[in-house]
Amino acid sequence: KQEVTQIPAALSVPEGENLVLNCSFTDSAIYNLQWFRQDPGKGLTSLLLIQSSQREQTSGRLNASLDKSSGRSTLYIAASQPGDSATYLCAVGAYYTGANSKLTFGKGITLSVRP
Amino acid sequence: GAGVSQSPRYKVAKRGQDVALRCDPISGHVSLFWYQQALGQGPEFLTYFQNEAQLDKSGLPSDRFFAERPEGSVSTLKIQRTQQEDSAVYLCASSLARTDGEAFFGQGTRLTVV
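Just so you know, the sequences run in chain order A and B.
Residue 1 is where the first sequence starts when you use our numbering, and the numbers rise one by one after that.
Residue 116 is where the second sequence starts when you use our numbering, and the numbers rise one by one after that.
No wet-lab data here; the hints were simulated from the structure.
Bear in mind the structure is a predicted one, so any value in this text is a computation, not a measurement.
One or more hints might be untrue.
[Said to hold, decoys possible] Below, simulated SDA-like cross-link-like pairs (lysine to any residue); rule was C-alpha separation at most 20 Å, straight line:
#1 B/K126 x A/P40
#2 A/K68 x A/E56
#3 A/K42 x B/A153
Whole structure, please, built from the sequences with the hints as guidance.
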């Protein structure tokens with residue numbers, strides 16, 4: 001059974017700092033990996049999707065990497081801003097019927113960026 | 116529509132009541148997932164539809180939980196005889212059946228059983 005771990009559970013940094021959020025998973029036979037952002041009381045916003053054959057994806061100030069063999073992914077946030085404050089969830093996708101993926105989530109990292 | 120839409124956003128039910136939660140997926144998305152997110156936890160898989168067929172219901176916690184998608188579009192998650200442990204946010208996600216498998220989530224329905 002796939003298990004996804006995100007440590008630490010919470011992180012507080014000053015504005016402008018570059019930071020790395022870590023995600024580890026136990027089963028390397030994955031289909032894809034998604035990073036999501038969740039604001040309090042809201043749903044999930046997809047940030048980046050990495051296919052199992054890819055090593056990294058970039059979108060603006062965000063960069064996600066994937067190392068399947070070691071069961072790790074990182075989300076790098078450059079020049080953090082107070083608006084980046086949210087919970088960041090890592091989700092590992094197992095291959096599913098019809099080229100979909102069934103997601104197993106970590107518990108998330110709650111990030112607070114101090115002005 | 117532009118995104119996945121869920122209703123109601125909030126639901127308070129008395130213990131023992133039946134509830135129905137609605138999900139409108141992105142138009143054209145054949146795949147639909149329901150997840151349950153308890154407070155302070157990550158979402159957990161409940162069930163999966165491909166068009167109108169429910170292909171996986173292995174995550175439904177008890178036979179009080181029932182989901183349907185009769186016309187392959189809108190889906191309803193029904194919980195009968197609600198219990199306090201059913202209190203959670205229920206998230207719906209849809210995706211195209213294409214190679215990247217990216218899932219798009221709705222805002223969720225927060226269910227509180229009192």
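Hints and how they fare:
The suggested pairing of B/K126 with A/P40 holds, with an alpha-carbon distance near 17 Å, which does not exceed 20 Å. Between A/K68 and A/E56, the direct Cα distance comes to roughly 11 Å. Compliance with the 20 Å bound is thereby established for this hinted pair. Distance hint between A/K42 and B/A153 is fulfilled; the C-alpha atoms sit about 13 Å from each other, no more than 20 Å.
Of the numbered hints given earlier, the model fails none.
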